[in-house]
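*Asks:* Sequence:
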Amino acid sequence: MAPAGSLARMRKQVLDRVARREVSVVQACQEAGWSRSRFYELRARYHSYGEAGLLPKPRPPHRADRRLAPPAVDQIIAYAIEHPTEGPRSIAGRLSLPRFGSWSLSHGGVYNVLRRAGLARRSARLAAAEALAATEGGPITERTLRDLRTMEVTRRHIGSDITGEQVFLDTMFVGRLKGVGKIWQYSAVDGACSFGFARVRRGEKSARAAAAFLEHDVLPSYAEAGIVLKEVVVDGGPEFKGEFTRTARRLQISVHRIPPRSPDLNAFVERFQGTVLHLHYRNAFRYRFYTSAADIDADLAAWLRFYNFERPHRGYRTKGRRPAQIFYADQPALLVMKGWDVDEFTPQSVRS
1 MAPAGSLARM RKQVLDRVAR REVSVVQACQ EAGWSRSRFY ELRARYHSYG EAGLLPKPRP
61 PHRADRRLAP PAVDQIIAYA IEHPTEGPRS IAGRLSLPRF GSWSLSHGGV YNVLRRAGLA
121 RRSARLAAAE ALAATEGGPI TERTLRDLRT MEVTRRHIGS DITGEQVFLD TMFVGRLKGV
181 GKIWQYSAVD GACSFGFARV RRGEKSARAA AAFLEHDVLP SYAEAGIVLK EVVVDGGPEF
241 KGEFTRTARR LQISVHRIPP RSPDLNAFVE RFQGTVLHLH YRNAFRYRFY TSAADIDADL
301 AAWLRFYNFE RPHRGYRTKG RRPAQIFYAD QPALLVMKGW DVDEFTPQSV RS
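Its first residue numbered 1, the sequence shown is counted upward by one per residue in my numbering.
Careful: at least some of the hints might be erroneous.
[Stated by the list, open to error] Simulated crosslink set (DSS-like; lysine-lysine; CA at most 25 angstroms straight-line):
# : residue 1 : residue 2
1 : Lys182    : Lys205
2 : Lys319    : Lys338
3 : Lys205    : Lys241
4 : Lys57     : Lys12
5 : Lys241    : Lys230
6 : Lys241    : Lys182
7 : Lys205    : Lys178
Don't read these hints as lab results, they were simulated from the structure.
Please put together the full structure from these sequences, using the hints given.
*Replies:* Here it is as structure tokens:
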């Protein structure tokens, strides 16, 4: 920051140049980086106080702490929990009474304390009061009972730690192409490594198309990698019944159906389809005009190569690794055949 004397001299030079009509006010302000109101303010100060008026205004050495004292904060929170239906204005009035400490508080100050404590809403104060009463042996409300039951629920991750043990399947409506019709995507994701499969087909989704997707797109990749595909997880859609079930039984793959209206149990493939939508389709349909399902499928296959072989996954199982790094862990020669450098898929700690 420039010294006060240098700043005052610079300001005086600007004012003098305008006074000598060397530059206009607009030009002087542009060169100095001032607004015109700032120029006229400095000129008025110069006319009133001389060069002393051009010096920076002194700042107070220390600004008083405007925050409430901790005892006042504690009193506000305690009163708000004990009387959860009262608002900031009422709390400020009550705490001004001698029996509560004769605090001089504004309702805005009380609100800020409650907001920082997460008690700004009446429902939050009621919940805090119920929790306090429950810990002290008071009545347990329905809300507290729900919270206690939630705490007792065992958190269980879906998926598997073994590649091929569980593969999640689903379908996604891509859109309707003029002159082509409906476009559906058949999707599959491994529950251990997030390796994804997808195929685009035109027309209505069907069990025959889903069975062909499982037999000709998903299963060959597992056989190539030497992995046994044990179970597929599907919802109750008609495309995963009939011929699909018979095909899975013929291929010695068990079928596990999730309960109705429980997409969270199929979250692997739901998340995969969301990634395809956001990272691929919403870009692809803005750069290319598609006239056939085959063109969409070809671009999807190219994007899947990026998804499986290049894009790091930050899930709790993959931990920054690429799906192919886990899927082909026992078949490094396949990575070379597919055009990838094995060293790229080997952690530095293992190589060293």
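*Asks:* Checking one constraint from the list: CA of Lys241 to CA of Lys230, max 25 angstroms. Satisfied?
*Replies:* Holds: Lys241 and Lys230 sit about 18 angstroms apart, inside 25 angstroms.
*Asks:* Is Lys205 close enough to Lys178, meaning Cα to Cα at most 25 angstroms?
*Replies:* Holds: Lys205 and Lys178 sit about 18 angstroms apart, inside 25 angstroms.
*Asks:* Is Lys182 within 25 angstroms of Lys205, Cα to Cα?
*Replies:* 9 angstroms, holds
*Asks:* CA of Lys205 to CA of Lys241, is that 25 angstroms or under?
*Replies:* Judged against 25 angstroms, a Cα distance of about 12 angstroms means the pair holds.
*Asks:* Do the alpha carbons of Lys241 and Lys182 lie within 25 angstroms of each other, as the hint requires?
*Replies:* 21 angstroms, holds
*Asks:* Quick one, are Lys57 and Lys12 close enough, alpha carbons at most 25 angstroms?
*Replies:* Between Lys57 and Lys12 the Cα gap is close to 16 angstroms, so the pair holds against 25 angstroms.
*Asks:* Keeping to a limit of 25 angstroms between CA atoms, is the pair of Lys319 and Lys338 held or broken?
*Replies:* It holds: about 24 angstroms lies between the C-alpha atoms, which stays within 25 angstroms.
Violated hints: none; the structure is consistent with every hint.
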